[in-house]
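Q: For what it's worth, numbering that gives the first Met the number 0 labels the leading residue of the sequence shown as 0, then goes sequentially.
The set of hints was computed from the structure by calculation and includes no laboratory data.
There's no promise every hint is true.
Said to hold, decoys possible - Here are the in silico distance ranges between beta carbons for each label pair:
no., residue 1, residue 2, range
1, 231, 17, 41 to 51 Å
2, 231, 154, 42 to 52 Å
3, 236, 358, 43 to 53 Å
4, 156, 88, 32 to 42 Å
5, 17, 259, 42 to 52 Å
6, 98, 200, 12 to 22 Å
7, 236, 214, 29 to 39 Å
8, 166, 98, 51 to 61 Å
9, 27, 376, 18 to 28 Å
Ideal placement from N, C-alpha and C gives every residue a C-beta, glycine not left out.
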Amino acid sequence: MHTGSTGQIIGISVASLLVIGWGAAMSLYFGRRARTSRDWLSANESLPLFVVVITQFAAAAGGGVLIAHVGIGYRSGWSVFVYEGCVLVGFLLLTLIARWLREQSFTTVPDVVTRLFGQHRLVTAVAALAALVVPFGWIVTQFVAFAKLFGQLTGISTPALVAVITLASLTFVLPGGLTSVAWADFVFGLFKIAMALVVAFYGIHLAGGWGRITATVPERLWSPAGVSAVGWQQIWLWAAAIIPGTLTNQLYYQRVFATKKVSDARRGLAFSGLTMLVSGVYAGCIGLAVHAMNPRLANQEDAAGWLLTQLPTWMLVLFAAFLVATIVATSGAALQSTVATLTRDVYQTVAGGRSGERGTVMLSRLITVAVAAVAALLAIAFPTALAWLVASYAYSAAALAAPIFLGYLLHRRRRLSPAAAIGGMLAGLAGCGVAQYLGTTVPYAVYGIAASAVVLLLLTASTSEKRVPTTPREIVSNA
0 MHTGSTGQII
10 GISVASLLVI
20 GWGAAMSLYF
30 GRRARTSRDW
40 LSANESLPLF
50 VVVITQFAAA
60 AGGGVLIAHV
70 GIGYRSGWSV
80 FVYEGCVLVG
90 FLLLTLIARW
100 LREQSFTTVP
110 DVVTRLFGQH
120 RLVTAVAALA
130 ALVVPFGWIV
140 TQFVAFAKLF
150 GQLTGISTPA
160 LVAVITLASL
170 TFVLPGGLTS
180 VAWADFVFGL
190 FKIAMALVVA
200 FYGIHLAGGW
210 GRITATVPER
220 LWSPAGVSAV
230 GWQQIWLWAA
240 AIIPGTLTNQ
250 LYYQRVFATK
260 KVSDARRGLA
270 FSGLTMLVSG
280 VYAGCIGLAV
290 HAMNPRLANQ
300 EDAAGWLLTQ
310 LPTWMLVLFA
320 AFLVATIVAT
330 SGAALQSTVA
340 TLTRDVYQTV
350 AGGRSGERGT
360 VMLSRLITVA
370 VAAVAALLAI
380 AFPTALAWLV
390 ASYAYSAAAL
400 AAPIFLGYLL
410 HRRRRLSPAA
420 AIGGMLAGLA
430 GCGVAQYLGT
440 TVPYAVYGIA
450 ASAVVLLLLT
460 ASTSEKRVPT
470 TPREIVSNA
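Please build the complete structure, drawing on both the sequences and the hints.
A: The following block contains the structure:
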């Protein structure tokens, strides 16, 4: 049952369409810069630092921040900053290999793995599967988040709302692939940062001010000690799940690949990680404000939806625009990342397809429409049964973390073999599956990563030869 009045529904609909139209116009404008397949797939190393930073934030801060992170703030106060901090740590660790990643002119994560271990179709196929499962999961969850939030407000059916967000996402991607997505996300990202702060402080105002929050909410949630209110076991579980997931998320890699200057690769990641703390401010303030107004919610993830029922019409319309910008930015970025893997790795490398420049762009657009349609059907068919998507983070990290990072550490001293990559990735998937089946307390991704690392090192020791330095830099490094 919807909670909005007729006036609110009209206002929400108009605001949403304006945001979608604005995004479509920006995508068309910036999409004119995409003249080649490389422009479409990786923005052809054209993004300046300030765009990379904001577009990383816009892609990362999606429907999960709107619902799940607000729920953390509601139940555990400032502990939400631990969650965002884990993302920040992941970004900072990525800076260790960022310069090398940018120098190699990669397009996708499977490119990284094959460069380290050698060209092999099975290497590319497994790495592609592991790389695309997370962004595809993001697409579906963004569609579901949009349908749930706007369905509650307007009473519009889930299929209709999923169709709207699907079309909106396509308008971001089709004009120019990553080039149009990144620049549109940049503008939307600035809007999201401003609105996140506005909504956070309005939530505090709605609750009666910070004084009333501190008077009604337990001190353990809003005091500085509230950072650990969620409990150390949960903090460890977050760290073990989120950091590896961040380290292997292709969306973040693609923006490193697309930096205009090599020197910007590392700084872009560091600054992007810091902008994620804005999400902590938003989620923590809203969560605590709702806790002060209604501390008896049965489900912490109902906090964001309950807040919508308390907003006046003018604020609800602004908030609707904020929701659309947040969800479309993330779904568009995830859609482009999925398509890049299917085009570059599955079609071109595994299947050996060749279409030329214009043919590759046209094929990418067709795949974009197909992927969006499949994601939309899943969002409609399983609007409340998407917990399985959470596992995508674990399996992706289990398959890719060791090959990428151990491979980077070893590649200058050993001639790595495709067998080591294949064995490591399959061991990671198997270790993850066994640990999940056994119901381990420690996130099963940790077991998968450990199994992947052990097998990769053993196979490297037994199948790989010591690499002979060939360049002056390598000779000095190995001296």
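Q: If a hint holds in the structure, say so; if it does not, say that too.
A: Comparing the hints with the structure gives:
1. 231 with 17: 41 to 51 Å: holds, 45 Å
2. 231 with 154: 42 to 52 Å: holds, 43 Å
3. 236 with 358: 43 to 53 Å: holds, 46 Å
4. 156 with 88: 32 to 42 Å: holds, 41 Å
5. 17 with 259: 42 to 52 Å: violated, 31 Å
6. 98 with 200: 12 to 22 Å: At 38 Å between Cβs, range violated.
7. 236 with 214: 29 to 39 Å: holds, 32 Å
8. 166 with 98: 51 to 61 Å: violated, 39 Å
9. 27 with 376: 18 to 28 Å: holds, 27 Å
In this structure, the earlier hints numbered 5, 6, 8 are contradicted, and the remaining ones agree with it.
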